[in-house]
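> Sequence:
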Amino acid sequence: MNAEDYPGLHRAADTASNQSQSKHLKTHLYHIVILLLGAGVAICPVQSMILSLVSIFSFLAALGISILIAVKRYERKWYGARAVAESVKTATWRYMMRADPFLDAASISDANKKFTDLLVEILRSNNQIGEILSGQSCTNDQITNSMMQVRSQNLADRKAFYLQERIDDQLVWYEKKSKQNKRKGSIFFGLLIFVQSIIISLMITKVVAPSFLDIWPVSMLVVAASSITVWMQLKRFREISSAYALTANEIGIIKTKLQYSNTDSDFSDFVRDAENAFSREHTQWIAKTEDTVSPHIP
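Read left to right, the sequence shown gives residues 1 to 298 (the numbering used here).
It is possible that some hints are incorrect.
Said to hold, decoys possible - Here are the computed lysine to aspartate or glutamate pairs in the EDC-like style, where the Cα-Cα straight-line distance is at most 16 Å:
| hint | residue 1 | residue 2 |
| --- | --- | --- |
| 1 | Lys114 | Asp104 |
| 2 | Lys184 | Asp264 |
| 3 | Lys255 | Glu239 |
| 4 | Lys159 | Glu239 |
| 5 | Lys72 | Glu131 |
| 6 | Lys179 | Asp104 |
| 7 | Lys26 | Asp104 |
| 8 | Lys255 | Asp266 |
| 9 | Lys113 | Asp100 |
| 10 | Lys257 | Glu131 |
What the hints assert, rightly or not - Computed beta-carbon distance windows for the label pairs:
| hint | residue 1 | residue 2 | range |
| --- | --- | --- | --- |
| 11 | Ser109 | Ser146 | 16 to 22 Å |
| 12 | Ser146 | Asp104 | 39 to 45 Å |
| 13 | Ser226 | Gln149 | 49 to 55 Å |
| 14 | Gly130 | Lys255 | 35 to 41 Å |
| 15 | Glu239 | Val172 | 18 to 24 Å |
| 16 | Lys184 | Val71 | 26 to 32 Å |
Calculated directly from the structure, the hints in this document are not laboratory data.
Here a beta-carbon is modelled for each residue, glycine too, at the ideal position from N, C-alpha and C.
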């Protein structure tokens, strides 16, 4: 499944989520860099009007970014748009696989109506993200030709398609992301230990040989260590790695049940279990924000 094969609402929400995530991370990164700049200038032994102004403007800029983060609330927009995108994706796969709530549709028209009604419910439940849903994707088809073509296939073909395009695709994605986050978490943790070790060494050296250095960059390194800690908390490397590894294992277990889904009803139950596993992460994101709601899809 390519991006253009999904409903226009999914593409719009996915784009909005990615943009909000980028803004959220960039503003925090700018904040960290500016604080480091201000701390570095502040410890410079040669003071001048220019350096003093640079230091002042650095901390003023950091204050401004802090206010921007609080006002814009990019994180909430990121989570909200991601919840919509993933809810629409789950509904799309249930529609294509003829799973509940589209299993007993009397006709394709009935199934299409149920699907569009569900999209409306998803959007209304998260109307606070309307301001960031923009672009041509919003007006694209909500039920694409690819979706209807897959839905029209027989059970065996739908099972094969779901295995390749959904189960295996998600399994590879979660395994890859789990390993990436574990590796990045280890790198940043090692960097934090390294910086803290330098701080301790400098503090001991300052006591033993106070004239050893003209500039003692302890304060700047403390800011650096704090910044690394904040970034690790922001990215949640270990938490995400653990959650994704758990989801990957659950998908692997669910995958083995596909061979027993020999009727439309059994396959519907299989798709339900699989989609519930896929949606766990964005459901947890929803819990982090008060106003974002994920409509229940049985």
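> Check each numbered hint against the structure and report the violated ones by number, ascending.
2, 3, 4, 6, 7, 10, 12
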